[in-house]
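Engineer: From just these sequences and the hints, can you work out the full model?
Quick mapping for you: the protein sequence lines, in order, are chains D and F.
Heads up: the first sequence begins at 5 in the numbering used here, then just goes up one per residue.
Heads up: the second sequence begins at 5 in the numbering used here, then just goes up one per residue.
Any given hint could be a false lead.
Identical copies look the same in the list; a pair holds intra-copy or inter-copy alike.
What the hints assert, rightly or not - In silico DMTMM-like links for lysine to aspartate or glutamate, alpha-carbon gap of 25 Å or less:
hint	residue 1	residue 2
1	Lys211	Glu177
2	Lys107	Asp40
3	Lys17	Glu177
4	Lys207	Asp195
Everything labelled a hint here was simulated from the structure, so no lab data went into it.
2 protein chains.
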Amino acid sequence: MSRVANSGYLEMKVYNEIKDLIIQGELKPGELIIQDQIAKRIGVSRTPLRRAFADLERDYLVVTTPQGLTVRTFSEDFLISIWEVRSVLEGLACRLSSRVIDKATVIYLRTLFTIAYDEWVKTGDLEAYRKADVMFHTKLVDIAQNPILKNHFNYSHVLTIAFSKGILRSAHETYPEHMAILDALEHNDEDKSEQLMLEHLRKTIPKI
Amino acid sequence: MSRVANSGYLEMKVYNEIKDLIIQGELKPGELIIQDQIAKRIGVSRTPLRRAFADLERDYLVVTTPQGLTVRTFSEDFLISIWEVRSVLEGLACRLSSRVIDKATVIYLRTLFTIAYDEWVKTGDLEAYRKADVMFHTKLVDIAQNPILKNHFNYSHVLTIAFSKGILRSAHETYPEHMAILDALEHNDEDKSEQLMLEHLRKTIPKI
DNA sequence: GTATAATCCATTGTATACGAAGAATACAAT
DNA sequence: ATTGTATTCTTCGTATACAATGGATTATAC
Chain D
5 MSRVANSGYL EMKVYNEIKD LIIQGELKPG ELIIQDQIAK RIGVSRTPLR
55 RAFADLERDY LVVTTPQGLT VRTFSEDFLI SIWEVRSVLE GLACRLSSRV
105 IDKATVIYLR TLFTIAYDEW VKTGDLEAYR KADVMFHTKL VDIAQNPILK
155 NHFNYSHVLT IAFSKGILRS AHETYPEHMA ILDALEHNDE DKSEQLMLEH
205 LRKTIPKI
Chain F
5 MSRVANSGYL EMKVYNEIKD LIIQGELKPG ELIIQDQIAK RIGVSRTPLR
55 RAFADLERDY LVVTTPQGLT VRTFSEDFLI SIWEVRSVLE GLACRLSSRV
105 IDKATVIYLR TLFTIAYDEW VKTGDLEAYR KADVMFHTKL VDIAQNPILK
155 NHFNYSHVLT IAFSKGILRS AHETYPEHMA ILDALEHNDE DKSEQLMLEH
205 LRKTIPKI
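Structural biologist: Printed below as a string of structure tokens:
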């Protein structure tokens, strides 16, 4: 996912495999990670592990305790911390995007949301809406064209995807908010778009 | 500075030494980093290098190009990107701090700034004010008690310190802003403190 | 039986060794 | 002279080997 580039095949493989082990719950929160065990399990030597661990730690999946490297426990407070940070980062993404976004993209995103929303209303299927949501937020970060922002976003994005409880607020509630943000973006209203995105995300925090 | 914890002595040493080499300009922006050379220069094997490189890349000091790992070139755009992100992060730090900061800390910070400001007015020496400034921003991030925020802040803070052109706006201009932020913090005004900090920092961006 | 000492073993951090891939260089052919 | 090909040489990623550290465990003294 958000691996740094300068790495061999195995380092990437190891990063992803351990990430999956954690997300799948095969490595349990708080569990001590022993290099040899993981190395054998994945079938590589310990050498590529160390770099992968550095990345896993950067992405908040593991943490170094006095006992050693352990799988991170995701307390509610921790998830809230992530959301607080993501909120301001995506608020910034909105502001920066509003300066450069083109009308076609706005229309595209609006259509995407509307179709998905209608589908949910009709069939009760939320999947399309959830996808549109992820796409929306990811896309804005791309459009913003701020490499630092993108990195910081990615760092914690892995997590929110992995550990969020899915949709936290009803589409009925968030759809109008998305539309309002898109309107602000369309009018290149920096302040308003940032403000709306912030409020949009912060409303979710109490639901965590 | 912001090393991850699970690392041996040499990995930390290597991280710091390469960081210094880059900041001191002995490794020039754009320069290709060859593992063997650096390893010999620092006097370690290539093994601990790899992990240090992962961290250096995370901290934006080096970057992987098609040619290999190179020292990052810090364009103006890049510095602006950092400032944009730092702005919202510290804005958030302010908001979170405003919830929990105690009066004593506010008074402490206010005094610190005022003494430093007066000294500048009297003697023309900016050093104390600059220090107070760094301390102020760092402290708020600590008070905020959001571990993610602190990490993200650290990631880019190394850089701004290393490569900023020093004080970018006159103390005459920023002193009242600092006071206003402290006032908002004292009154536990979340919105206002965040807003003021954001404006405070964003006013600096055009000067980059 | 408890406390302390000594020993082992697990685990880690680091160095060295090895193999592969790509770039650079030398040489040959037209 | 230029292009094509073969052969080094560099550099990297990975595996293995080794040394040190710290914790557990057993042994020993009282």
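Engineer: Hint by hint, say whether it matches the structure.
Structural biologist: Going through the hints against the structure:
1. Lys211 <-> Glu177: Classified as within; 13 Å inside a copy, 41 Å across copies.
2. Lys107 <-> Asp40: Cα proximity of Lys107 and Asp40: none, with 54 Å in one copy and 51 Å across.
3. Lys17 <-> Glu177: neither (40 Å within a copy, 52 Å between copies)
4. Lys207 <-> Asp195: both (18 Å within a copy, 15 Å between copies)
When each numbered hint is compared with the structure, violations occur for hints 2 and 3.
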